[in-house]
Amino acid sequence: MPNPTRIRAQSNGTSATVRVLMAHAMESGRRKDAAGKLVPPWHIQQVTATHNGKVVLTADWGTAVSQNPYLQFVVRGAKAGDTIGIAWTDNRGETRSDAATVM
Amino acid sequence: MTTPPDRALTRRLALQRSAQVAGLLALTGLVPAHAAVAAGRAAFDAPSVNGALQALGAGAAPLESADVILTAPDIAENGAVVPLTVSSLLTGIQSLVILVEKNPSILCAVFHLSDAVDANLSTRIKMDQTSPVYGVALMQDGRALFARKDVQVTVGGCGGD
Numbered sequence: 001m002p003n004p005t006r007i008r009a010q011s012n013g014t015s016a017t018v019r020v021l022m023a024h025a026m027e028s029g030r031r032k033d034a035a036g037k038l039v040p041p042w043h044i045q046q047v048t049a050t051h052n053g054k055v056v057l058t059a060d061w062g063t064a065v066s067q068n069p070y071l072q073f074v075v076r077g078a079k080a081g082d083t084i085g086i087a088w089t090d091n092r093g094e095t096r097s098d099a100a101t102v103m
Numbered sequence: 001m002t003t004p005p006d007r008a009l010t011r012r013l014a015l016q017r018s019a020q021v022a023g024l025l026a027l028t029g030l031v032p033a034h035a036a037v038a039a040g041r042a043a044f045d046a047p048s049v050n051g052a053l054q055a056l057g058a059g060a061a062p063l064e065s066a067d068v069i070l071t072a073p074d075i076a077e078n079g080a081v082v083p084l085t086v087s088s089l090l091t092g093i094q095s096l097v098i099l100v101e102k103n104p105s106i107l108c109a110v111f112h113l114s115d116a117v118d119a120n121l122s123t124r125i126k127m128d129q130t131s132p133v134y135g136v137a138l139m140q141d142g143r144a145l146f147a148r149k150d151v152q153v154t155v156g157g158c159g160g161d
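Heads up: the protein sequence lines correspond to chains R and F, in order. With this note's numbering, letter number 30 in the first sequence gets 30, and the count goes up by one each step, no holes. With this note's numbering, letter number 18 in the second sequence gets 18, and the count goes up by one each step, no holes.
Calculated from the structure, these hints are not laboratory results. Accuracy of the hints is not assured; some may be wrong.
Chain R side only, calculated, beta carbon under 10 Å to chain F, not exhaustive [what the hints assert, rightly or not]: (1) ARG19; (2) ASN68; (3) ARG96.
Per label pair, the in silico range of CB-to-CB distance [as the list claims (entries may be wrong)]: (4) F:GLU64 / R:PRO40: 36 to 44 Å; (5) F:LYS149 / R:ASN52: 32 to 40 Å; (6) R:ASP33 / F:LYS102: 22 to 30 Å; (7) R:GLY13 / F:THR154: 36 to 44 Å; (8) R:PRO4 / F:LYS102: 32 to 40 Å.
Think of the CB as a built atom: it goes at the ideal place given N, C-alpha and C, for glycine as much as any other residue.
Use the sequences and the hints to build the structure in full.
Given below as structure tokens:
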């Protein structure tokens, strides 16, 4: 099981700024390990963000998103107490989904 | 008005390749039957900025626009972590796209927006070398509006030699 995604969502009453830090190696497939062998690509391909269960943002990612990806976005109408969920799927089919409460 | 230059391949060739890749992926069953998903993945192999945008469904040639704002550092000391923000106050944006012209994989990320999120996203990307970076707003009517910024990279972050 991959490490949890860190989610922080802060509302100003009319919208909430969501900051997400996913734990993932995001190997591009071009890096070589100590033995000089290419490390195979391993990266998040799809990210889905939800607000109270409703999908508000989806993303398709390539290999060029940094290791332990950071994502910040603004959800309109999200108030304190609402739930923000983040789910991702990588190219090996591993998934992880986490949720946080808007503050 | 400027359009991003194609590298080595023509747009037509790029489109053909993209379609071929999408077809192959669909055949192998690696990609769900959802057509948009297949098209989206094919765009990641596009050999040019224009090719990638076309594969994502951009109808017209991309136009540079002051309404799309790309915030990126002038100099990125570490190409493995380059912070970017793409934003726009336009309405009718379908998706925001980040492309790095000189990366091995030009298309970096595609964000599909809903009415419930602002067109204002920040993330961190990898850059192989000094390159123009494009933040593109794909509009619901098929237009592609972009902002461009040259980012100088001191140490490449893609792991290649």
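Hint by hint, here is what the structure shows:
{"no.": "1", "hint": "ARG19", "verdict": "holds (9 Å)"}
{"no.": "2", "hint": "ASN68", "verdict": "holds (9 Å)"}
{"no.": "3", "hint": "ARG96", "verdict": "violated (17 Å)"}
{"no.": "4", "hint": "F:GLU64 / R:PRO40: 36 to 44 Å", "verdict": "holds (37 Å)"}
{"no.": "5", "hint": "F:LYS149 / R:ASN52: 32 to 40 Å", "verdict": "holds (36 Å)"}
{"no.": "6", "hint": "R:ASP33 / F:LYS102: 22 to 30 Å", "verdict": "holds (25 Å)"}
{"no.": "7", "hint": "R:GLY13 / F:THR154: 36 to 44 Å", "verdict": "holds (42 Å)"}
{"no.": "8", "hint": "R:PRO4 / F:LYS102: 32 to 40 Å", "verdict": "holds (35 Å)"}
Hint 3 from the list above is the single one not met by this structure.
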